[in-house]
Amino acid sequence: VNFWASWCYPACYEEAPVLERNWRGYRDRGVVVVGVDIQDKREAAQKFVGDFGLTFPVVQDLKGTVSVDYGVYGVPETFFLDRQGRIRVKHVGAVTDDVFRATVDRLLAEADSP
Amino acid sequence: VSRGPFELFSALILLGAALSPAAAQTAKSVSEEVVHEVATQLRCVVCQNLSVADSPSEMASQMRAIIRERLATGESPADVQRYFVDRYGEWILLSPPRRGFNLLVWLFPLAAVAVGLAATVALVWRWTHRRRGVRPPPVAVDAAMSERIRRELESGS
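As they're listed, the protein sequences go chains A and B.
Going by the numbering used here, the first sequence wraps up at 114, each residue one higher than the last.
Going by the numbering used here, the second sequence wraps up at 157, each residue one higher than the last.
You may find that some hints are simply not true.
Some chain B residues flagged as far from chain A (calculated, every beta-carbon gap over 10 Å) [what the hints assert, rightly or not]:
no., residue
1, Arg87
2, Gly89
3, Gly116
4, Trp125
Here are a few chain B residues that sit away from chain A, every Cβ distance over 12 Å (derived from the structure) [what the hints assert, rightly or not]:
no., residue
5, Ser29
6, Glu32
7, Asp86
8, Ile92
9, Thr120
10, Ser146
So the derived label-pair ranges between C-beta atoms look like this [said to hold, decoys possible]:
no., chain 1, residue 1, chain 2, residue 2, range
11, B, Val121, A, Pro10, 55 to 61 Å
12, A, Trp7, B, Ala78, 31 to 37 Å
13, B, Asp54, A, Val92, 23 to 29 Å
14, B, Val115, A, Ala102, 28 to 34 Å
15, A, Pro17, B, Gly100, 41 to 47 Å
16, A, Asp97, B, Leu107, 45 to 51 Å
17, B, Leu117, A, Pro10, 50 to 56 Å
18, B, Arg82, A, Lys90, 17 to 23 Å
19, B, Arg82, A, Glu14, 55 to 61 Å
Read the hints as simulated data drawn from the structure, not as lab findings.
In this text, all values refer to a predicted model and were calculated from it rather than measured experimentally.
Glycine included, each C-beta is placed from N, C-alpha and C at the ideal position.
Please model the entire structure based on the sequences and the hints provided.
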């Protein structure tokens, strides 16, 4: 679950292609990337999604309730949840390929071995 | 001037906006005073050392709305505070609770002042009492030196 905003430059702009690339690479293994756009204008957010060609689901947190529920301080922040829906890793700042792969591979390996 | 569908639509939106606060009142009415009271104790998470009540940021205004909504559902101010602490930790409280490890934060300054006062009193007492107690050690002066001092005092006057 990735919290972002169109005004969050450059970190959110750096990680958007990373998230899209890894969502495409991992979706067949049951991994879902969800973008949560916070404190943003709808048009600006839609332009961001269009510019980066994001295909994973993106929602807008209009009232900030999701952000506060996750204890978000700022953007970007990314929460990696396991199959039980528990938050396992919180990453502050832009997600890189290395961070995404290492974290998701570890959680997948855990889920595969009981 | 013909009234097109757009005008009608706008009128409906305005009507909806006018009615919605009344609809919200069907829950528990919340006084802004209580909302403010809770907000003053919470740190605005995107600003440095500003309370949620004082910050003009959008995040803070959303947090005030969340406080208002939770109070409206019947939660007590303490419940609302706990909700935020559960998510952000005690960091979000502008005053750390006075228990456990946090007590150090409250007690250490008092202890430091007490130690400082005690040290000052002890030093002043020593400085003011040393002169009376300790005599300057006698200097050994032989007869020739005494004689020379006496002569120089007499001639120098």
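Failing hints, ascending? Violated hints (numbers, rising): 1, 2, 7, 8, 14 and 19; every other hint is consistent with the structure.
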